[in-house]
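Visitor: One-letter residues, chain by chain:
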Amino acid sequence: MVQLQNSFQSSPKLNVSQTTPLSLFGYHGRYLRVDVGTESADFVPLSAEWLRRFLGGSGLGTALLLREGTAALDALAPESPLIFAFSSLVGSPLTTSAKFAIVSKSPLTQRINDSLVSSGFAIAGKKSGCDALVVTGRAAELSVLVIDDGAVHLEQADDLRGLSCAATEQRLAARFDPDFCFAVIGPGGERQVRYATISHDGRHAGRGGSGAVLGAKNIKAIAVRGSQRCQWAEPQALAALAKDLSQRSFGPATAKYRELGTAANMLLFNRLKTLPTRNFQQGSFEGASALSPESLAESRHRTRAYCAACTIGCEHIYALRPGESAEDSGVRLEYESMFALGPLCGVDDPDAVLAASKRCDEIGIDTISAGGTIAFAMECVDRGLLSEPWLRFGDGAALLQALELIGRREGFGNRLAEGSRLLAESMGAEALDFAPHVKGLEIPGYEPRSLHTMALGFAVGTRGADHNRSSAYEADFSQRADRRQLTADSATLATQTEDKAALMDSLILCKFLRGVFTDFYAEAAEMLRLVTGADVTAEELHETSHRIVSAKKLFNIRAGWTPAEDILPARFLSQSLSDDPTARLTADQLRAGIRAYNLARGWTAEGWVGSDLLTRLQLTEFAGE
Amino acid sequence: MAPDWRTIRVEFYGIPRARAGVAETTIGFAGDAVTFAYVLQKLAARFPALATDCLSGDGLRDGYAANLGGMKFVRGPEDRLSAGDTLLIFSADAGG
Chain E
1 MVQLQNSFQS
11 SPKLNVSQTT
21 PLSLFGYHGR
31 YLRVDVGTES
41 ADFVPLSAEW
51 LRRFLGGSGL
61 GTALLLREGT
71 AALDALAPES
81 PLIFAFSSLV
91 GSPLTTSAKF
101 AIVSKSPLTQ
111 RINDSLVSSG
121 FAIAGKKSGC
131 DALVVTGRAA
141 ELSVLVIDDG
151 AVHLEQADDL
161 RGLSCAATEQ
171 RLAARFDPDF
181 CFAVIGPGGE
191 RQVRYATISH
201 DGRHAGRGGS
211 GAVLGAKNIK
221 AIAVRGSQRC
231 QWAEPQALAA
241 LAKDLSQRSF
251 GPATAKYREL
261 GTAANMLLFN
271 RLKTLPTRNF
281 QQGSFEGASA
291 LSPESLAESR
301 HRTRAYCAAC
311 TIGCEHIYAL
321 RPGESAEDSG
331 VRLEYESMFA
341 LGPLCGVDDP
351 DAVLAASKRC
361 DEIGIDTISA
371 GGTIAFAMEC
381 VDRGLLSEPW
391 LRFGDGAALL
401 QALELIGRRE
411 GFGNRLAEGS
421 RLLAESMGAE
431 ALDFAPHVKG
441 LEIPGYEPRS
451 LHTMALGFAV
461 GTRGADHNRS
471 SAYEADFSQR
481 ADRRQLTADS
491 ATLATQTEDK
501 AALMDSLILC
511 KFLRGVFTDF
521 YAEAAEMLRL
531 VTGADVTAEE
541 LHETSHRIVS
551 AKKLFNIRAG
561 WTPAEDILPA
571 RFLSQSLSDD
581 PTARLTADQL
591 RAGIRAYNLA
601 RGWTAEGWVG
611 SDLLTRLQLT
621 EFAGE
Chain L
1001 MAPDWRTIRV
1011 EFYGIPRARA
1021 GVAETTIGFA
1031 GDAVTFAYVL
1041 QKLAARFPAL
1051 ATDCLSGDGL
1061 RDGYAANLGG
1071 MKFVRGPEDR
1081 LSAGDTLLIF
1091 SADAGG
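As given, the protein sequences belong to chains E and L, one line each in that order.
Counted from 1, the first sequence has number 373 at position 373 by the numbering used here; the numbering is strictly sequential.
Counted from 1, the second sequence has number 1068 at position 68 by the numbering used here; the numbering is strictly sequential.
Just chain L, with the same shape it has in the complex:
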């Protein structure tokens, strides 16, 4: 691994977890930050079923949401994620 290789953790909940088949994964990248679109591209390549049902182009399909650290929602392809961040991806409708 290159000396400046960093990671963010991605946690899946609900349908994204079912599609990914895992509760969480790690995305590595060079540098200090990466775009949301980059992370989704990596996830799409790693989890084809996730790509089919939950992702669309360089974003999320309607019905899904992504949140940084449980506090800030992200959706724009150019939104920045920093090394060490945790990204949560889950079904958007929180009704129950």
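The following block holds chain E by itself, in its conformation from the complex:
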């Protein structure tokens, strides 16, 4: 171990004690572990076998988190690690591969959180010479952690204090050489808002509060660059496969994302009464049309953006106000942001919703949790449970004011910054019935009573209510499921979509690519074979996905999970939608589905992971923790 020297006094950078990289294709064969409290760092070896078991991204991050043995600690404790995990595909010519996972214990749920974000930081981070970065400890002062091609140091960040995410990156870009990339927190992370994000290039690792974890370490930003490229096992064949994949990515499976963006969901979900409205009291919103991408494109300038190494270009950026340029004043607008800050809060003014989304980006907080918590508070005001009469459904100015207070943790904003679960717990049993969360993570824009496979996915998700890690809505929007019935097949469908999502998050590839594949597991195995040289098969990857999901569950068990957490709030199990009385889901139906899901996973009926399964999944090294 080598002590770092704080370079703001212009001391020379010191090299971290080196572990010679293994002769691997696609990987460096090591991760970098930095303690910003003791200002020390090590490169720690990773075997080829271990990397093959967990791949990268979400899988690798989860395994490293388990290895740290800190599951019982509070998420914001200095010793609670924050892990940035890359993968063998990062830096390859494969489209959408420039992604990284950020894995930690969540301050919102106190369970595992893995969030993904795209673009150059993934490539630069991997080129700095590691397959993952583990950050632990707490810096003595607000700092920038700099990783420069194997050399590590801290720099003071007092001039960045209070800056928005974008302003922070701009200031750092002026300070550092142009080949550095940055992952930053905004004021939300500095003040440890429990759903604060980590941002890179205007994109956010949004859910679960990883920004608060970085803020608790007194780290405002991480700056990375490097020159250490991995080799590919079969570069020519990989290039040919990458070209074919890129061409397929321009096809009908991705047209929605290219032309309309995720916001295309707005009108369809409204029609199907699966658009959560006014804190999940209704499934449709009278103002949905004004918030659709079709309407927005008529009223204001729009442009598109691409992540690094992506051919899809799903990002649609809208001008804040009509008459302005999207390049000058634009905000990336996704369906989840629109639903959470629009219909969920009863706000139909597109100017207000766009401004709210932009403000969340600037503060560095998750739009889904911010909107969900505010919407919950709005209903509490309606019901007389909260005395904040300014905070009403439909009031766009109040929505913006609430976000300001959250970002400053000022007044009522300090309570909102804790998330809907803690806010509800402070108010008592009646509020808990309709607080819109699972395990503390606010429910995204899919109405559970209208999408029963998704409801099951929400209830059992290790991250909490999570459409992305579950992806069970794929079943509900297909012939494979009856979206209003949990059947014997529902559990199987929920495990299948969850496994596929876990694999995509560990490879790492963008989920918007999923419709392009005809046999995803076989094609993924081929990609890995060409990148790493390992004789990976589709069957092996099925087991790998199962391993990764079970590893996440294992962490949660170590963190104190009990079966009682796998449930939806009482509202969803006792009330139908006021605009769709046929949309119902009972507690008995959901519990039967959860039991079937657990058994389908090879867990006990209650959801515990037994020793036999740990052995089969090669997770026994974590068994005794």
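Check before you lean on any hint, since a few could be wrong.
Simulated crosslink set (DMTMM-like; lysine to aspartate or glutamate; CA at most 25 Å straight-line) [unchecked claim]: (1) L:K1042 with L:E1024; (2) L:K1072 with E:D535; (3) E:K243 with E:D580; (4) E:K273 with E:D579; (5) L:K1042 with L:D1004; (6) E:K243 with E:E259; (7) E:K273 with E:D580; (8) L:K1042 with L:D1032; (9) E:K273 with E:D489; (10) E:K273 with E:D482; (11) E:K273 with E:D588; (12) L:K1072 with E:E540; (13) L:K1042 with L:D1079; (14) E:K243 with E:E286; (15) E:K243 with E:D535; (16) E:K243 with L:D1032; (17) L:K1072 with E:D579; (18) E:K511 with E:D177; (19) E:K273 with L:E1024; (20) L:K1072 with L:E1024; (21) L:K1072 with L:D1062; (22) E:K511 with L:D1062; (23) L:K1042 with L:D1062; (24) L:K1072 with E:D489; (25) L:K1072 with L:D1058; (26) L:K1042 with L:D1053; (27) E:K511 with L:D1053; (28) E:K273 with E:D244; (29) E:K243 with L:D1085; (30) E:K273 with L:D1058.
Computed from the model, here is a short list of chain E residues facing chain L with C-beta under 8 Å [as the list claims (entries may be wrong)]: (31) N265; (32) L267; (33) R271; (34) H301; (35) E334; (36) A352; (37) A355; (38) Y473.
No wet-lab data here; the hints were simulated from the structure.
Source: prediction; values computed, not measured.
C-beta: ideal position from N, C-alpha, C; glycine also.
Fit chain L to the given chain E structure using the hints.
Guide: Just chain L, lined up with the frame of chain E:
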């Protein structure tokens, strides 16, 4: 219009709406029911851009889905639609 002329309504969402250029349309037919393939043939004739990008033969291209009344998915050419039904056609991937 013949006395037994019936209709179904077709609603478009997402890319199908962009290609059709309209939010919805009506397909007329004689009798009480019609096949999915028949409806798609009529739509293809009425909306050439929809035909090019979203339809394939007597079915939908991969990446698109059709749903009756918001509840039941249809895909087979011989699937039956009854007079008064509403058919929704939309991009299949619901991710967001």
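Visitor: Taking the hints in turn, state whether each one holds.
Guide: Now for the hints, and whether the structure bears them out:
{"no.": "1", "hint": "L:K1042 with L:E1024", "in the structure": "holds, 13 Å"}
{"no.": "2", "hint": "L:K1072 with E:D535", "in the structure": "violated, 42 Å"}
{"no.": "3", "hint": "E:K243 with E:D580", "in the structure": "violated, 47 Å"}
{"no.": "4", "hint": "E:K273 with E:D579", "in the structure": "holds, 8 Å"}
{"no.": "5", "hint": "L:K1042 with L:D1004", "in the structure": "holds, 18 Å"}
{"no.": "6", "hint": "E:K243 with E:E259", "in the structure": "holds, 22 Å"}
{"no.": "7", "hint": "E:K273 with E:D580", "in the structure": "holds, 7 Å"}
{"no.": "8", "hint": "L:K1042 with L:D1032", "in the structure": "holds, 17 Å"}
{"no.": "9", "hint": "E:K273 with E:D489", "in the structure": "holds, 23 Å"}
{"no.": "10", "hint": "E:K273 with E:D482", "in the structure": "holds, 15 Å"}
{"no.": "11", "hint": "E:K273 with E:D588", "in the structure": "holds, 23 Å"}
{"no.": "12", "hint": "L:K1072 with E:E540", "in the structure": "violated, 35 Å"}
{"no.": "13", "hint": "L:K1042 with L:D1079", "in the structure": "holds, 15 Å"}
{"no.": "14", "hint": "E:K243 with E:E286", "in the structure": "violated, 44 Å"}
{"no.": "15", "hint": "E:K243 with E:D535", "in the structure": "holds, 22 Å"}
{"no.": "16", "hint": "E:K243 with L:D1032", "in the structure": "violated, 49 Å"}
{"no.": "17", "hint": "L:K1072 with E:D579", "in the structure": "holds, 20 Å"}
{"no.": "18", "hint": "E:K511 with E:D177", "in the structure": "violated, 33 Å"}
{"no.": "19", "hint": "E:K273 with L:E1024", "in the structure": "holds, 18 Å"}
{"no.": "20", "hint": "L:K1072 with L:E1024", "in the structure": "holds, 19 Å"}
{"no.": "21", "hint": "L:K1072 with L:D1062", "in the structure": "holds, 18 Å"}
{"no.": "22", "hint": "E:K511 with L:D1062", "in the structure": "holds, 16 Å"}
{"no.": "23", "hint": "L:K1042 with L:D1062", "in the structure": "holds, 19 Å"}
{"no.": "24", "hint": "L:K1072 with E:D489", "in the structure": "holds, 17 Å"}
{"no.": "25", "hint": "L:K1072 with L:D1058", "in the structure": "holds, 19 Å"}
{"no.": "26", "hint": "L:K1042 with L:D1053", "in the structure": "holds, 15 Å"}
{"no.": "27", "hint": "E:K511 with L:D1053", "in the structure": "holds, 22 Å"}
{"no.": "28", "hint": "E:K273 with E:D244", "in the structure": "violated, 38 Å"}
{"no.": "29", "hint": "E:K243 with L:D1085", "in the structure": "violated, 43 Å"}
{"no.": "30", "hint": "E:K273 with L:D1058", "in the structure": "violated, 29 Å"}
{"no.": "31", "hint": "N265", "in the structure": "holds, 5 Å"}
{"no.": "32", "hint": "L267", "in the structure": "holds, 6 Å"}
{"no.": "33", "hint": "R271", "in the structure": "holds, 6 Å"}
{"no.": "34", "hint": "H301", "in the structure": "violated, 18 Å"}
{"no.": "35", "hint": "E334", "in the structure": "holds, 7 Å"}
{"no.": "36", "hint": "A352", "in the structure": "violated, 20 Å"}
{"no.": "37", "hint": "A355", "in the structure": "violated, 21 Å"}
{"no.": "38", "hint": "Y473", "in the structure": "holds, 5 Å"}
Going through the hint list in order, the structure does not satisfy hints 2, 3, 12, 14, 16, 18, 28, 29, 30, 34, 36, 37.
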